[in-house]
Amino acid sequence: MIPKIIWQTYKTQLPPFVSNQGIASWMNTNPEYQWYYFDDDKCKEFIHDNFEENFCKMYDSLPLGVMRADVWRVAIVYIYGGVYA
1 MIPKIIWQTY
11 KTQLPPFVSN
21 QGIASWMNTN
31 PEYQWYYFDD
41 DKCKEFIHDN
51 FEENFCKMYD
61 SLPLGVMRAD
71 VWRVAIVYIY
81 GGVYA
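In our numbering, the protein residues as written are 1 to 85.
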């Protein structure tokens, strides 16, 4: 069974205002789910805490933030399960 966890990320500690309605919709529609939000710094920390050096180097070398976010999305669901929204 897929764990009842919703993962979300954005580059800053607070998601953009325009995202608030979408976030609220996920939370209201799925009240039994835990919701987690990671900014870029927390994503990097997660990668470095959970993967080997070569993987971390690859992650750090990606030229665009959206590329690092894509890697994090797969990695967080791989480690903990849940869904990314």
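Keep in mind that the hints were calculated from the coordinates and are not lab data.
Where a beta carbon is used, it is the ideal one built from N, C-alpha and C, also for glycine.
Treat the hints with care, since some could be wrong.
The list that follows gives simulated cross-link-like pairs (lysine-lysine, DSS-like), each with its CA atoms no further than 25 Å apart [to be verified]:
{"no.": "1", "residue 1": "Lys44", "residue 2": "Lys57"}
{"no.": "2", "residue 1": "Lys57", "residue 2": "Lys42"}
{"no.": "3", "residue 1": "Lys4", "residue 2": "Lys57"}
{"no.": "4", "residue 1": "Lys44", "residue 2": "Lys11"}
Label pairs and their calculated CB-CB ranges [stated by the list, open to error]:
{"no.": "5", "residue 1": "Asp60", "residue 2": "Gly22", "range": "26 to 32 Å"}
{"no.": "6", "residue 1": "Ile2", "residue 2": "Ser61", "range": "17 to 23 Å"}
{"no.": "7", "residue 1": "Asn30", "residue 2": "Ser61", "range": "31 to 37 Å"}
{"no.": "8", "residue 1": "Gly65", "residue 2": "Asn28", "range": "25 to 31 Å"}
> Hint numbers the structure violates, sorted upward?
Replying inline: Violated: hints 3, 6.
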